[in-house]
Structures are given as structure tokens and as C-alpha cells.
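Novice: Residue strings, one per chain:
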Amino acid sequence: MAAGTEFAPVEAPLARPRTLLVGTAFATGAAIMFFGALFSLYFSVRNDTLAWGAEWFPEGAIELKPGGSLMSTFAMAGVTMAWAHYASIHEYRIHGYLALGLTALLGIAAINQTVFYFNDIGLPIDHNVATTLLYVIVGAHMVMTGIAVLWMGLVLLRAFGGQATGRHQDLVISVSIFWYVVVAVYSVIWLFIYVAK
Amino acid sequence: MTDTPLETDGATALERVVTSTDANTLGRYWLGAGSLTLLASLVAGVLVALERLDLGGAQVFGSADEVFQFWSAHRVGFVLLAIVPILVGLGTAVAPLQVGSDSIAFPRMAAFSFWTWLIGAGTTVTGFLIDGGLGAPDAGGQRQAVALTLVGLLMVIGGLLGATISLLTTIVCGRVAGLTLGRIPLFSWTLLVAGTFWLLTLPVLAANAVLAYVDLRGRTAVRFGAEDAIWEQLSWAFSHPQVYAFALPLVGIAFDIVPVSVRSRLASHNVVLVLTTMLGVVGFGAYAQSFFDTPGTPVMNEAIYVVDAFAAALVALALFGGLADTLRRGAANLGPGAGNRPPAPMVLSVLAMLLLLAAAIVGALRAVDPFDLLATSATGAQMTLTMGAAFVGAMAGTLWWGDRIVGRSTSQGLGLLAGLVAVVGVLLVGVADLLSGFMGQNDFTGASVVAAGSPDSGVDSLNLVALTGSVLLLVGALGWFANGIRRLTGAAAPSDPWGGHTLEWAADPSSVEVTSERPLLDALEGSGAAS
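Protein chains in written order, with the working numbering: chain C, 1 to 197; chain V, 1 to 531.
Just chain C, with the same shape it has in the complex (with noise of 0.2 Å):
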């Protein structure tokens, strides 16, 4: 090619990480921080309680039917939420706004049941240590459900103003990042908690 008819290099676009994303994945680390010392808090608790040969639970108190429904809606959540977040990177987004809607639903439900169980469960708050922990833990998980239930509603307001931009799509990611955050705490709380007792 002749001197002059060069074209000039063709600047690759600066590639850092999307800000939302980013954000996100600090407030989340942020939230996992929060329930991990409360987790770590209660088993700490936990195994002196028991190493003293005192009682953790009463007896028969915690039923494992309301942990598990509860657990059945988390998958469920998230399962939706897998598939909100596969239609926002392939842009289908009927799918997408239907699974949001859908794991809002189950998130609704899920503080729902939480509310109800609390109310059922019969146990007073300061019964001793390990009901002061499962108010604390599972209220806080439900405080997280909650302010994810709204993330949604806030990206599905915005889905149905029609601002469906790549943003929009960032939103989607991050807030499904958020959710996977929030069914895993719950499974933790499950297992340790409601199974383990």
C-alpha cells in the first residue's frame, strides 16, 4: 500500500469492567460479609452453648416443614432468576420480563411465609441466645429479600417505560447476582439452621 493511503490504526475500545457490575459485586461481598459474621456468630455461640450441656432450641420447636417450603421457594427463585438472566444476555425479552416477574412473585411469597412462620413459630424473641439469633439471622435475610423484591420492580418499571438498553441488561445481571446472594444465604439458614438445628 502506498505511503499516505494507510488507514490510521483503529482504537480498540478501552475495556474495563461495567460500573454497575462492579458496584454490584461490592455491595454484594458487602452483604455476605454481614450474614457470614452472623452465621459465624451463631455457631460460635452455638458450640459453647452445647459444650455446657445447656439447651440451644427447645425441644420440637423449630418444625422442619415451613424451613423446607421455604427452601422449595428459594430454588424455585432461582431457577427463574437463571432464567431472567439467560434471556437479558440473549435479548428475548418477553422471557425476560416474565421470569423477573415471576421471581418477584416467589420473593413476595417467600417474605410471606417468612412472616408467617414468625408469627406460628411461638417462640418469644428473647426465649434465650438461639432464638435471639434466629430472629436476627432469618429477619435480616428477609430485610435482603425484600430490598432484592423491589431491585426487581425497579428494572421491570423501567423494562415496561421501555428504557430495554444494554444498561437495562446490566441491571439484570446485577440484580440476579444480588438474588443468587440471597438463595444461598437462605440455604445456608436451611441447613444450619432449620435442618441442623
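Worth flagging that the hints you see were computed from the coordinates, not collected in a lab. Each residue gets a CB set at the ideal place from its N, CA and C atoms; glycine is no exception. Hints are not guaranteed to be accurate.
Stated by the list, open to error - One side only, chain V facing chain C, incomplete, derived with CB under 7 Å: (1) 161; (2) 168; (3) 172; (4) 173; (5) 199; (6) 203; (7) 206; (8) 207; (9) 211; (10) 214; (11) 215; (12) 219; (13) 222; (14) 291; (15) 292.
Starting from the structure of chain C, add chain V where the hints point.
Specialist: Frame of chain C, contents of chain V only:
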């Protein structure tokens, strides 16, 4: 960055203040509010030091509970209401410039975080003032006020977390082309490392506070909310090793200032990156709480705690060695012969690093079991030295970047004087409390000779020295605050008064080719070689 600031045209002054999302403005808000709470926390510190002068009975305060509330208020205030916010403010104003970003990430969240922190700080201070605080040894506080303090503390933590997420995302995502993470200026790097550890530890503190709050409210506390147990759960955040994570950005400030001042490069930028990361790792203090004691062995007597303390001392020594090496190699460029006096920020940042090294050595001594210093005033000495070092570092940082942030100059001489007074104050408190610790004085002395744990050891003179140090620290902080106010009406500042090496000093960062960690120095040397 795709986020844009809110439109403020036609807004009233109050609306502009409340709705501003500009990084520079938010940084100044953090600095201003942090400096006011710093003064308040230092006044609390002086009052407690005054009380310790006469351990025969409460003279300044009405009871041991009141002494405890002010004593704990000083620590919480010094760390979470003063030094960390001041560092966040400096970071919010400077870090976007250092990475070449035109704004901070999530500007609305950054603004919301500041206001949440501010309201939380006000609530916390109110809680302490109305006989609440974080519990009391004799359970003599008002339970509702204790709950209010905990709510305030949670808001403070929430605000700091939000601001940190904003800051870290800016550093990760807002960098200009060529500015890899390994090349970002060291202040931004230490903010990235420290901020990551804040995100890992502040939620743990929040979890402790939530447990205490829920247990406290409306019924007899089972354990976590018992008034004599709250401080025990939360105190890990205000002592070794967590304070290193809070103070870490001071290392970045020193390593940004010194090479420019002596017109020299660091021997190895990468080694400093590694060492500062290691200081962040050893500063992870969330494990050092009493809940994780194994029966018969408190966590502070376990090997990890002792190794952590000595590792911190070694890392601090290595970092200071790196700084000293840079000073040595650039010594020819300083002094009367070179016509280049050491600038005030450089002097202060070197002293801040020395204080950090002293703090790490005190931390290591404290972990040695035969000395039996864990529950003594050596704990306070280590905290004061570390956070005092961070304060002196922040003083250096505001003198260094102040012209760039505010656009106006201030007196470097007054800044240096205030800094030197603060350094002497921190040293007096640190040394006196360490020696008192060796003589058996408890960390919290209570309001009686017996509670102080040192009825016959004769620590009165040392307590007088500590009081003098507390007063000097307060005077230094007042001088720094006055110098900051003076800057607001000072003469217009030059755009780059120091001949800076990094992007915050560039008129147009996007036009600078970044091929190393000192792009402006590269450009200068390149043009020098070409001519």
C-alpha cells in the same frame, strides 16, 4: 463513567448543597463534617484524660458510667466519625482525578451516603450525650438512648459503606486508557485495598450492632444487648489490628507525596503495592472479637493474633524503609544547596509513617503475653498512635491536594506547625499510655483508683503527660481546621504547585499517554530528552 450529575440550574442554595453529586463538592463535605466531628471527639478525649488525673473519684464526670460513655465516644468518634470520613473525603475528591475519571461512580449514591453518614453521626453523638452510648459497665445508661446510639452507628456504617462502594467502583472502572491497576497512583491504590477491607469488616461491625439493638429493644436483654456487653462486642473495630485497615490510605498519601517532593522515582512501585496489600490483610480485625474466644483461650492470646501483630510491625518497617530509601536517593534535590526546601506535606507524611511504625511496634509489644498489656492502656496507646498517624497523613494530604481541590492556596507554614503540634500530641499520648500500661493501668480506668488497676504504680505523672498530649492534639486539629477555613478565602492557586507525577495534576488527563505509574514525569523526561 456514564452517570451524570443532577441538574441544579435554577435551584436554591440549599437545594444545591443537598443535591450536589459532584465528587469535589462531596469530598469537601466529608472533609468539613469529618473535621468538626474530629474536634468533638478530641474534646471528649481531653475530658477523659482530665478525669484520669484524679483517680480518687469522678471529678469531671458524675459517675463511672459517664466516664465510660465519653471514653467510648472518643474512640468511636476518632475512628468512624472523624479519621475514616476525612480519608473518604480526600479520596472522593482526589481519586477520580488520579484515575482520570470525570466523575465519581454512582454519584447519587455517593451523595446519599454522605447525608446518611452525617445524620447517623448526629444521631450517634446525640445518643452519647443523652446518657446512652454503647452501654455502660454499671448498666446506668438510658436504654432508649443506647438504642438510639446503635441506630446512629448503623447509619454511620451504612454511609461509609455506600461511599466506599462508590469510590472503589470509580477506581476500578473509571481509569483512562493505559492506567492499569498496577499503575494507579498509590493513594488510589491504598484506597482500593483499604476500601476492600472496610467492605469486609464494616458489615461485621453492623452485624454486631444489629444483634445488640434487637436484643436491647423492648425487653430484658438475653446477652448481646446487655449494657455491660455491647462495647465488648464492638471494641474490636477500634483497636489492633482493625485500626491498620482504617489508617492504610495514609501510606498511599506518603508514597504519592515523597517521590514528587524529592524528584525521584520509587525503587519499586510493585513492592509498595504488595506491602500495602499485606498491611490491609493484617489489618483485617473482624476475627478478634470475644465471641470467637475458645473456652480458656481468648482470641487475643491465640497464635494468629500474635503473628498478626508482629507481621504488621514488619510490614510497617518495610514500608518505612522504602520511603527512607526514596528520601535518600532524592536527598541531593532537597535542602538549601538544591534551592528546594522540604515541603510541609512531605515532612508531615514522613512523620505520619514514623507514627504508624511506632503504632505497629506498640501493637507487637502488646501481643507479647508476658508483658500482660492486652487489657491495659497500651491498647489506647496503639489506637491513638495509629489513628493519629492517619490524621497527620490526612493533614499532609489536604496540604498537598488542597490547592487542586479548592483552587485556592493556604499557609503551608501554619499547616506544618499544626501538623507538628499534632505529631507531638500523638507521641505524648502514645508513649505515656504505653508506659502506664506497663505499670498496670487499665485501658478503661473507670473513675476510681481500684478500677484503674494501678493503685500503687504512680501513673499520675504519666497521665499528666497524656493529658498534655491530648490537648496538643486538639490544638493541632484546631490549627488544621483554621488553615482549611483560611484556604476558602485564600489566593488563587496554581494548577500544579508541586510538579506532580500523576494524572490529578494534568490539565487534560485524556490527552496524557499512560505507560507507567508516573505519566507526567515520563512526559517531562521525554520532552527533556527530545530537546
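Novice: Could you run down the list of hints and mark each one as holding or not?
Specialist: Now the hints, each set against the structure:
Taking 7 Å as the C-beta cut-off, the interface hint given for residue 161 (chain V) holds, the closest approach to chain C being about 6 Å. At its closest, the beta carbon of residue 168 (chain V) sits 6 Å from a beta carbon of chain C; the interface hint therefore holds under the 7 Å criterion. Look at residue 172 (chain V): its Cβ gets to within about 5 Å of chain C, closer than 7 Å, so that hint holds up. Taking 7 Å as the C-beta contact cut-off toward chain C, the hint placing residue 173 (chain V) at the interface holds, the least distance being around 5 Å.
With its C-beta approaching chain C no nearer than about 5 Å, residue 199 (chain V) sits inside the 7 Å limit, and its interface hint holds. Using the Cβ-Cβ criterion of 7 Å, the hint placing residue 203 (chain V) at the interface with chain C is satisfied: the shortest such distance is roughly 4 Å. Interface hint at residue 206 (chain V): satisfied, since its Cβ lies 6 Å from the closest Cβ of chain C, which is below the 7 Å cut-off. With a least beta-carbon distance of about 4 Å to chain C, the hint placing residue 207 (chain V) at the interface is held under the 7 Å criterion.
For residue 211 (chain V), the suggested interface contact is upheld, since its CB lies about 6 Å from the closest CB of chain C, less than 7 Å. Taken as an interface hint, residue 214 (chain V) checks out: its beta carbon lies about 5 Å from the nearest beta carbon of chain C, inside 7 Å. The beta carbon of residue 215 (chain V) is positioned within 7 Å of a beta carbon in chain C (closest approach about 5 Å), and the interface hint is therefore held. With 7 Å as the threshold, the beta carbon of residue 219 (chain V) comes within range of chain C, its nearest partner Cβ sitting at about 5 Å, so the hint holds.
Restraint check, residue 222 (chain V) versus chain C: the minimum CB separation of about 5 Å is within 7 Å; hint holds. For residue 291 (chain V), the shortest C-beta to C-beta distance to chain C is roughly 5 Å, which falls under 7 Å, so the interface hint holds. Checking residue 292 (chain V) against chain C by beta carbon gives a least distance of about 6 Å; that is within 7 Å, so the hint holds.
The structure fails none of the hints (numbered hints given earlier).
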